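Trainee: Residues per chain are reported as follows:
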Amino acid sequence: MRSTSSIPAAPSPAQLRKFSPGPAAASAPAPDAHATADVAVLGGGLIGLVTAWRAAQQGLRTALVDPEPGGGAARVAAGMLAAVTELHYGEERLLALNLASVARYPEFVAELEEASGADTGYRECGTLAVALDTDDRAHLREVHALQQRCGLTSQWLTGRECRRLEPMLAPSVRGGARVDGDHQIDPRRLAAALLCACERAGVVFHRSCAVRLRTGRDRAEGVELADGVRLSAGRTVLALGSRSGQLAGVPPEVAPPVRPVKGQVLRLRMPEVRPGHDPFLARTVRAVVRGGALYLVPRADGELVVGATSEELGWDTTVTAGGVYELLRDAHELVPGVTELPLAETNCGLRPGTPDNAPLLGPTALPGLQLATGHHRNGVLLTPVTGDALAATLTGGELPDEARPFTPGRFAPGPARHQEQPV
Amino acid sequence: MADDPLTIGDTAFTSRLIMGTGGAPSLDVLDRALRASGTELTTVAMRRLDPSVQGSVLTVLERNGIRVLPNTAGCYTAGEAVLTARLAREALGTDWVKLEVIADERTLLPDPVELLDAAETLVDDGFTVLPYTNDDPVLARKLEDAGCAAVMPLGSPIGSGLGIRNPHNFQLITEQAGVPVVLDAGAGTASDVAFAMELGCDAVMLASAVTRAQEPALMAEAMRHAVEAGRLARRAGRIPRRHFAEASSPVTGVADLDPERPAFGQGG
Numbered sequence: 001m002r003s004t005s006s007i008p009a010a011p012s013p014a015q016l017r018k019f020s021p022g023p024a025a026a027s028a029p030a031p032d033a034h035a036t037a038d039v040a041v042l043g044g045g046l047i048g049l050v051t052a053w054r055a056a057q058q059g060l061r062t063a064l065v066d067p068e069p070g071g072g073a074a075r076v077a078a079g080m081l082a083a084v085t086e087l088h089y090g091e092e093r094l095l096a097l098n099l100a101s102v103a104r105y106p107e108f109v110a111e112l113e114e115a116s117g118a119d120t121g122y123r124e125c126g127t128l129a130v131a132l133d134t135d136d137r138a139h140l141r142e143v144h145a146l147q148q149r150c151g152l153t154s155q156w157l158t159g160r161e162c163r164r165l166e167p168m169l170a171p172s173v174r175g176g177a178r179v180d181g182d183h184q185i186d187p188r189r190l191a192a193a194l195l196c197a198c199e200r201a202g203v204v205f206h207r208s209c210a211v212r213l214r215t216g217r218d219r220a221e222g223v224e225l226a227d228g229v230r231l232s233a234g235r236t237v238l239a240l241g242s243r244s245g246q247l248a249g250v251p252p253e254v255a256p257p258v259r260p261v262k263g264q265v266l267r268l269r270m271p272e273v274r275p276g277h278d279p280f281l282a283r284t285v286r287a288v289v290r291g292g293a294l295y296l297v298p299r300a301d302g303e304l305v306v307g308a309t310s311e312e313l314g315w316d317t318t319v320t321a322g323g324v325y326e327l328l329r330d331a332h333e334l335v336p337g338v339t340e341l342p343l344a345e346t347n348c349g350l351r352p353g354t355p356d357n358a359p360l361l362g363p364t365a366l367p368g369l370q371l372a373t374g375h376h377r378n379g380v381l382l383t384p385v386t387g388d389a390l391a392a393t394l395t396g397g398e399l400p401d402e403a404r405p406f407t408p409g410r411f412a413p414g415p416a417r418h419q420e421q422p423v
Numbered sequence: 001m002a003d004d005p006l007t008i009g010d011t012a013f014t015s016r017l018i019m020g021t022g023g024a025p026s027l028d029v030l031d032r033a034l035r036a037s038g039t040e041l042t043t044v045a046m047r048r049l050d051p052s053v054q055g056s057v058l059t060v061l062e063r064n065g066i067r068v069l070p071n072t073a074g075c076y077t078a079g080e081a082v083l084t085a086r087l088a089r090e091a092l093g094t095d096w097v098k099l100e101v102i103a104d105e106r107t108l109l110p111d112p113v114e115l116l117d118a119a120e121t122l123v124d125d126g127f128t129v130l131p132y133t134n135d136d137p138v139l140a141r142k143l144e145d146a147g148c149a150a151v152m153p154l155g156s157p158i159g160s161g162l163g164i165r166n167p168h169n170f171q172l173i174t175e176q177a178g179v180p181v182v183l184d185a186g187a188g189t190a191s192d193v194a195f196a197m198e199l200g201c202d203a204v205m206l207a208s209a210v211t212r213a214q215e216p217a218l219m220a221e222a223m224r225h226a227v228e229a230g231r232l233a234r235r236a237g238r239i240p241r242r243h244f245a246e247a248s249s250p251v252t253g254v255a256d257l258d259p260e261r262p263a264f265g266q267g268g
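These protein sequence lines are chains A and B, in that order.
Per full-length UniProt numbering, residue 1 is the first one in the first sequence, and the count goes up by one each step.
Per full-length UniProt numbering, residue 1 is the first one in the second sequence, and the count goes up by one each step.
By construction, these hints were calculated from the structure, which means they are not laboratory data.
It should be emphasised that the depicted structure is a prediction, and the values quoted were computed from it without experimental measurement.
Even glycine gets a Cβ: it sits at the ideal position worked out from N, Cα and C.
Just so you know, not all the hints are guaranteed correct.
[Claimed, not checked] Using C-beta positions, here's what the derived DEER-type ranges look like: (1) Gly-147(B) x Arg-149(A): 23 to 31 Å; (2) Arg-149(A) x Asp-124(B): 24 to 32 Å; (3) Pro-252(A) x Arg-238(B): 32 to 40 Å; (4) Arg-149(A) x Glu-62(B): 35 to 43 Å; (5) Gly-117(A) x Leu-162(B): 53 to 61 Å; (6) Asp-4(B) x Gly-151(A): 36 to 44 Å.
[Stated by the list, open to error] Short derived list, chain B residues pointing at chain A, Cβ under 10 Å: (7) Val-53; (8) Ser-56; (9) Ser-160; (10) Gly-163; (11) Ser-208.
Please take these sequences and the hints and turn them into a complete structure.
Mentor: As structure tokens, this is what we get:
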């Protein structure tokens, strides 16, 4: 990840570190030591953090391994909770999981803010998906029809109606779908709150890299860390995002089929709203501009997130001139006024993509090893439901119904291989 | 069809459908669509890919035994296209390239001047060049003269699904060409593809028509059948068009099945 500068209003990695246990607190062990836990969570992104928090709440002794917890894709992601406007053909099963997670968000946020004492930036602002020309409009009409077939609330508006809602939209807007249920959260604040909640729930942080899964007698037994610590755990959760398939010691037949999908994202600053004036943008605005997906997510604190590219370029996290240019070009076409705003940050993150774009949740064929990864575009959205699903399986229970189609076994070789059936 | 192979350069293919990978919603969907299409040759955009990563689109192609055809999508100058082709050769170990040099991002039409320039350079450099070109018979001939292994005229702009807008030009191109002619871009549905083959194209290349369809694997299967149907129809030789009807069943010597109604058996 690269930043041209950072926004003072959002917690920086340095600020996040203040939540780390000090020498006197629930201590990370000395190097070359042994440590034990009921659950070892590898990866301290949103998914790892929520898993650790939920496990600790269940009374499990939980350790979390990450050199910089709260980092990763959460530093870059826009935080759209867009179950409806992220719906794609053939992904109706994923829609059910996304909707289940969206439904849990208000309660999840209330509980987390109570537990951490921190604001998460959750904002029930809704989303407006617009089309800029006749071709894009035809495409959006099809998507709107699909949304309606799936029983989702989405209202078709004329271009004029779109611009009454969001006066900064370009006059060329030809129509749009108003989706009042697609909200947003600030993933950086969410990560900071989860980190704090984890600490308060007694999660032990190991600020080091997981280097090898420890196995013995045909089961996972914990992990070796880069600082020499050997962590023994009855259950190990792989939540390493795009690197989840890279951990040494994981038998190839259970290694998750996760690949990095590069996304470049910009952060602009909107002007302060003067009394009696409209905000620059009141809700998330997204569009398909000549086939490329674009979104603008306005935060309550004035940050405007513009994203995102989608590139299959391995672990490259370079911010490129072309990436920034295309985002700004399309954003300018959609909202001409963006060019007047300060460009505060350019970042790049890696989505953990799977072959069917859906996550991998719960136990693997290797006893003691569970997965919470592969969330691709939907990691922030799926944070609550992932935490609940893993809390169930880590305490010996079954995966909840909505998570059952997303077991890691669906990609196992052999005739049982799952095939998503288009509806 | 095994008895009627498509030969490009020194390589024979059973399938006459070349697939692209852009626009697929997921690798799983792409995997199923490619298998349903029966394709043996598929393009990947070298500018949008790291060949060293496992689990990418290249892994999908490898698993299905499909030959990779790197393209130069996103290049606006001959210089960029030549560089991209050379990087692709290094990365993938193939000297085949689908050459694209785009004039502008609104239409994505080829830039004929840059295209010919890049084609000449790459042929001299030992590449097997398959250029994406306008449906211009003169340019197609010049590309062939420059040593390209095939010509790939567009039916209509990339992703437009508008079919073949100038069938007459396609006829002129296929009549004169000494290398395979491949419809590239514009196919929207199966009938466009069958029509291209009936016009004398040797193969069809498409991506969006399948990857952006509501059910990509189903559309891929339709395209496979359409290519075969169009090819067979071309080889069979269609009947001449007539202004008036011509009875398809014999009028004389027909069994008189109903003595009440003479002249039974017209039409059918």
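Trainee: Would the hint on Ser-208(B) be counted as holding, given a Cβ-Cβ threshold of 10 Å to chain A?
Mentor: holds (9 Å)
Trainee: Could you say whether the range 32 to 40 Å given as a hint is met by the Cβ separation of Pro-252(A) and Arg-238(B)?
Mentor: Between Pro-252(A) and Arg-238(B), where Cβ atoms are some 54 Å apart, the hint is violated.
Trainee: Okay, Gly-147(B) versus Arg-149(A) on CB: inside 23 to 31 Å?
Mentor: Since the Cβ atoms of Gly-147(B) and Arg-149(A) sit about 52 Å apart, the hinted range of 23 to 31 Å is violated.
Trainee: For the hint 53 to 61 Å, verify it against the beta carbon of Gly-117(A) and that of Leu-162(B).
Mentor: At 59 Å between Cβs, range holds.
Trainee: Given Ser-160(B) was flagged as interface, is its beta-carbon under 10 Å from a beta-carbon of chain A?
Mentor: holds (8 Å)
Trainee: Regarding the hint that Val-53(B) lies at the interface with chain A, is the smallest CB-CB distance below 10 Å?
Mentor: With a closest approach of 4 Å, the Val-53(B) hint holds.
Trainee: Is the interface hint satisfied for Ser-56(B)? The criterion is a beta-carbon contact with chain A at less than 10 Å.
Mentor: Hint holds; Ser-56(B) Cβ to chain A Cβ min 6 Å, cut 10 Å.
Trainee: Less than 10 Å between beta-carbons is the criterion; does Gly-163(B) satisfy it with respect to chain A?
Mentor: violated (16 Å)
Trainee: Is 36 to 44 Å a correct range for the gap between the Cβ atoms of Asp-4(B) and Gly-151(A)?
Mentor: violated (49 Å)
Trainee: For Arg-149(A) and Glu-62(B), compare the CB-CB distance with the range 35 to 43 Å and indicate the outcome.
Mentor: Hint holds: Cβ distance 36 Å, inside 35 to 43 Å.
Trainee: Taking the beta carbons of Arg-149(A) and Asp-124(B), is their distance inside 24 to 32 Å?
Mentor: violated (55 Å)
Of the hints listed earlier, those the structure fails to meet are numbers 1, 2, 3, 6, 10, in rising order.
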